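Trainee: Can you make the complete structure from the sequences, with help from the hints?
Residue numbers (the numbering used here), protein chains in the order written: chain A, 353 to 517; chain B, 353 to 517; chain C, 353 to 517.
Any given hint could be a false lead.
Just so you know, same-sequence chains aren't split out, so a pair can sit in one copy or run between any two.
As the list claims (entries may be wrong) - Cut-off 20 angstroms, straight-line C-alpha distance, at most; resulting in silico cross-link-like pairs (PhoX-like, lysine-lysine):
id, residue 1, residue 2
1, Lys405, Lys487
2, Lys444, Lys430
3, Lys386, Lys369
4, Lys444, Lys405
5, Lys366, Lys430
6, Lys392, Lys444
7, Lys392, Lys430
8, Lys392, Lys369
9, Lys444, Lys386
10, Lys430, Lys487
11, Lys392, Lys405
12, Lys366, Lys487
These aren't lab readings, by the way, just hints derived from the structure by calculation. The structure presented is a predicted model; accordingly, all values stated were derived computationally and were not measured.
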Amino acid sequence: MESFNVGIITVSDKGSKGQRVDESGPAIEEMIQKIGGIVKRYVIIPDEQEQIKAELIHMSDDLGISLILTTGGTGFSKRDVTPEATMEVVQKHVPGIPEAMRARSLQITPKAMLSRAQAGIRNNSLIINLPGSPKGVRENLEVVIPALRHGIEILLGEASECART
Amino acid sequence: MESFNVGIITVSDKGSKGQRVDESGPAIEEMIQKIGGIVKRYVIIPDEQEQIKAELIHMSDDLGISLILTTGGTGFSKRDVTPEATMEVVQKHVPGIPEAMRARSLQITPKAMLSRAQAGIRNNSLIINLPGSPKGVRENLEVVIPALRHGIEILLGEASECART
Amino acid sequence: MESFNVGIITVSDKGSKGQRVDESGPAIEEMIQKIGGIVKRYVIIPDEQEQIKAELIHMSDDLGISLILTTGGTGFSKRDVTPEATMEVVQKHVPGIPEAMRARSLQITPKAMLSRAQAGIRNNSLIINLPGSPKGVRENLEVVIPALRHGIEILLGEASECART
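Mentor: Have a look at this one:
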């Protein structure tokens, strides 16, 4: 696997209405390109559970994207429903990814424990929730990147079981 | 937010029959008052899943309590069903809170990994399971307190998304 | 409790066809014997969700085994379904055990966050997913062992609530 396809979903009511410039989506793209990720689709959508689900399904089922990264909607606000949308579309949970992200962020701020981010697998796609702020995105993505290519290779059947050891 | 309402549920078969003095409920009250928490209701109920659910719903829906803290019923005993009752009434999971509590407790004792505590959100209420012993309550609540007010402010819509960064 | 019964399930397509020698099952047996575990049943089965579920239920319901350890099928491969089978048969989740295992493994390799291992309780049985490799088994089981006897004693009603403090 030399490169892999990436989808970015910025979940933000304000961003989707053009009332806020999305800095988190571009922050993801910049980091993910460095490890061979090619952004095939990037959308900004409101904090609507059905819309998030539909976009996740579209990127996975129609576009066959290997890695879908969401940013935003993982907090305590009434409108924050990104983890719920994610859990509804994945077939397998990957609890270790959000655990690792929160454990690292917790060394920076106790507020990290309020992140409700989830991760999971739908067919050939790994879906990971990232926080909403560009700073949070960078901190969290940095934690995941060292394991990311290997995870995607296993998922796509390009690495053997043995390699996991 | 200057102060916030708190509900305390001590889940204990013995405590509910008056066969054991509850030291954990008072330990919670003492700590939570220091950060502006006002205990609106405090009950001692047996380890009955339906009764725990009913009390959680009453505190959240009828009394509009912002923070509901349970103590007890998170272990391996047959009668321990507090996490199950909690997961049935919440609409959103908050995995980072029990993760942070267990990670800290694990530095004290390996038995910390046996805590099955959960946390979640139901409407305007944050629900957190704490262990049964007063010592466990103090250790765990201490971990959560630095993030608690901020979480409740976001939940009640009194803090902006940006503030989360 | 002087000793306790253990069941080992090696989940491996190749192992079940005799195309690979199972080193992980024996690694579990060696470690678990040292803390008083007596292996009552040890099977090698393919990565089939229904077959894993059936074996878990058989060991728990028919054989009354206290501790069931699985190895394999916790990764990102299409065939990896051990955590899904486990979550379908348990009545209670024990998130702290896989959290502790991953946290420790994460200090060795970032790939640890890709382990999808789960743990839970079915009646009188504690079920824990371990990774597939013998190295992973040893690393992870070492983390759990210090809390294991106590957990099983509580589960079987042989230790009091108070002892948990």
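Trainee: How do Lys430 and Lys487 come out at 20 angstroms by Cα distance, when the copy is not named: within, between, both, or neither?
Mentor: So Lys430 and Lys487 fail the 20 angstroms test inside a copy (22 angstroms) and across (34 angstroms) alike.
Trainee: Treating 20 angstroms as the Cα threshold, decide for Lys392 and Lys430: within, between, both or neither.
Mentor: neither (30 angstroms within a copy, 23 angstroms between copies)
Trainee: For Lys392 vs Lys369, is the C-alpha pair at or below 20 angstroms within one copy, between two copies, both, or neither?
Mentor: So Lys392 and Lys369 fail the 20 angstroms test inside a copy (22 angstroms) and across (41 angstroms) alike.
Trainee: Within a copy, between copies, both or neither: which one fits Lys444 and Lys430 at a CA-CA cutoff of 20 angstroms?
Mentor: For Lys444 and Lys430, only the inter-copy Cα distance (10 angstroms) is at most 20 angstroms; the intra-copy one is 26 angstroms.
Trainee: Are the CA atoms of Lys366 and Lys487 at most 20 angstroms apart within a copy, between copies, both, or neither?
Mentor: Classified as within; 18 angstroms inside a copy, 44 angstroms across copies.
Trainee: I want to check one pair: Lys386 and Lys369. Are their C-alpha atoms no more than 20 angstroms apart within a copy, between two copies, both, or neither?
Mentor: Neither way: Lys386 and Lys369 sit 30 angstroms apart in one copy and 41 angstroms across, limit 20 angstroms.
Trainee: Given identical chains, is Lys405 near Lys487, meaning Cα to Cα at most 20 angstroms, within a copy, between copies, both, or neither?
Mentor: Answer is neither; intra-copy 25 angstroms and inter-copy 38 angstroms both fail.
Trainee: Given a CA cutoff of 20 angstroms, do Lys444 and Lys405 count as a within-copy pair, a between-copy pair, both, or neither?
Mentor: Classified as both: same-chain Cα gap 15 angstroms, cross-chain 16 angstroms, threshold 20 angstroms.
Trainee: Using 20 angstroms as the alpha carbon limit, work out where Lys392 and Lys444 are close: within a copy, between copies, both or neither.
Mentor: neither (23 angstroms within a copy, 31 angstroms between copies)
Trainee: Could you figure out if Lys392 and Lys405 sit no more than 20 angstroms apart (CA to CA) within one copy, between two copies, both or neither?
Mentor: Answer is within; shortest intra-copy Cα gap is 18 angstroms, inter-copy 39 angstroms.
Trainee: Could you figure out if Lys366 and Lys430 sit no more than 20 angstroms apart (CA to CA) within one copy, between two copies, both or neither?
Mentor: Result: close within a single copy only, 15 angstroms intra versus 38 angstroms inter.
Trainee: Regarding Lys444 and Lys386, is the shortest C-alpha distance of 20 angstroms or less found within a copy, between copies, in both, or in neither?
Mentor: neither (27 angstroms within a copy, 34 angstroms between copies)
The structure shown violates the earlier hints numbered 1, 3, 6, 7, 8, 9, 10.
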